[in-house]
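A.B. asks: Given next are the chains, with one letter for each unit.
2 protein chains.
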Amino acid sequence: MEKPYVVGIDLGGTNTVFGVVDAKGTILVSDSSMKTQAYPDINDYISTLCNGINAFVEKVGGRDKIRGVGIGAPNGNYFSGCIEFAANLPWRENVPIARMISEKLNLPVALTNDANAAAIGEMTYGAARGMKDFIMITLGTGVGSGIVVGGNLVYGHDGVAGELGHVIIRRTNGRLCGCGRTGCLETYTSATGVARTAREFLENRKDDSLLRQINPDTLTSKDVYIAAIQGDQMAIEIFELTGRILGEAFADFIAFSSPEAIILFGGLANAGDLLLKPIQAAMDKNVLKVFLGKTKLILSQLKESDAAILGASALGWEAKELS
Amino acid sequence: MEKPYVVGIDLGGTNTVFGVVDAKGTILVSDSSMKTQAYPDINDYISTLCNGINAFVEKVGGRDKIRGVGIGAPNGNYFSGCIEFAANLPWRENVPIARMISEKLNLPVALTNDANAAAIGEMTYGAARGMKDFIMITLGTGVGSGIVVGGNLVYGHDGVAGELGHVIIRRTNGRLCGCGRTGCLETYTSATGVARTAREFLENRKDDSLLRQINPDTLTSKDVYIAAIQGDQMAIEIFELTGRILGEAFADFIAFSSPEAIILFGGLANAGDLLLKPIQAAMDKNVLKVFLGKTKLILSQLKESDAAILGASALGWEAKELS
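Chains A and B supply the protein sequences, listed in that same order.
For the record, in the first sequence the residue sitting at position 41 is 41 according to the numbering used here, with numbers rising by one throughout.
For the record, in the second sequence the residue sitting at position 37 is 37 according to the numbering used here, with numbers rising by one throughout.
Honestly, the hints are just simulated from the structure, not real lab data.
Hints may contain errors.
For chains that are exact copies, the list does not tell them apart, and a pair is met inside one copy or across any two.
Keeping only pairs whose Cα atoms sit at most 20 Å apart, straight-line, the calculated DMTMM-like set for lysine to aspartate or glutamate is [claimed, not checked]:
hint, residue 1, residue 2
1, 59, 22
2, 296, 158
3, 303, 31
4, 294, 158
5, 222, 64
6, 289, 93
7, 222, 232
8, 294, 84
9, 59, 284
10, 289, 84
11, 277, 237
12, 24, 318
13, 289, 158
14, 35, 304
15, 206, 2
16, 303, 200
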């Protein structure tokens, strides 16, 4: 009998979510109560996580029912199975997490970064079913990407390709990025980038805005969204600028891999047309003529609360025994 | 018996070169005397070309010896087998050239663009042997690219991916490009881009230079090279600027596909260290830390006079019978 289930682990900077998923993308059991930062010792983290997974595995009929385990984690390297230089996680050194979990669970484990996991999830269960060439862009605290070419994730020669949040979109007077460089796409178009734009607008402009009622230091992209749907002109312009910059970047991405679709995922994507319309306009304006109108701009079809675990679990289908 | 030979056709804006090649990349017979622009009627062009090829095929032992035919051509679409919107060719409409040649020769034919053909040639016979992830950059009249990911050419969903000469490298006050947009990489870093930089420097600067002895209207990148190797400061700075801009662009390409190598090909690549050193410096300065020092910057190992035909012919090994 084929093994009918996979385990998905979404290892985030704040929460770790894990669960058991079937081939149709139904989540049978899941747990989202584990706080990543509560485990400064990686061994404690692995123990707690694997105990939780083992309990679920028993519940669904035992280890013989599990095809494999997929992990999505910041800076997860598909080739090495290690988490490398992940600034937001409590463990400073490289963590050979695929091997550690595989040894504990006695199951094949595959690791990739969170955005790649989202792309695999979208291809397996979501808007990218049947597509062989697409780019997943995750608009969260940062901007991540998972690139699929010819039906395969682009891992590069070292396992960590696809850092489109860090292409340089402004070469002069660009914003300082957490990566140490300036002008990265994510400094403008992540949720934090949108809040940063709002603070700049509030400081540099004189016009009235609902955003002036909010403390600039705690202002978030959600505040900008709420103001924009109430018709606030400044908030609308913040989304227009964000969308324009994304569209400029997407035009360059299209020149690289000519994807069938660019799929948006993550908190900011919920802004819908406020963001999609200026992106589309900037894509059309900036793209090389031969590509004009060919690449669809669409939203993820995965429920945000489920997507992380689904994406990670989808990787489990291709996990191999460690050699 | 395996068929031991392939036919390669390099269809350029000026010359058409074709020949018969064996599995080791030895060119058995070739002809580079055909002038593309001499055939305003595509049917005349196809007739002359196929007559020439048939004569060669007879010479090497007949059609049974030929595995397939590969064509590299500007705007050649791998999926459709058509040349689409090729501004520098005499035929205005889309040309279904793969089918036309296949019917005439009664052999399988595959088409791709010239830069992709160069990448396949490099992977089959040159510096990229054994590599699964690399980017070929052709620095000629324009800037072309062939991208290999996981051992396969990146064609995109429409067959024409990999137009890295047209990523926007200067978003403000960028140079006008032949494509109608401004700031494209090739407006700065093609052979014509280098001549353009020279004219700008001569006009905007006061310092002496060997380049001032040349009529600016006819000045070429080769003049700049000759001046630079004689130690001319302005000429050296022109290559430094060209290299810096290429290095900035390469840093973004690395964030996309994390290639093992970026391979330079074409006339400008002959400038060697004059260009390689500033490219490497700008790559190192601009690349995201996780990729630093991982991607090699190397020159093509194919002789320029042979490369076009070798690249095109390499595609012939995978040509399939048209359905």
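A.B. asks: Need the list of violated hint numbers for this structure, in ascending order.
C.D. replies: Violated: hints 5, 9, 15, 16.
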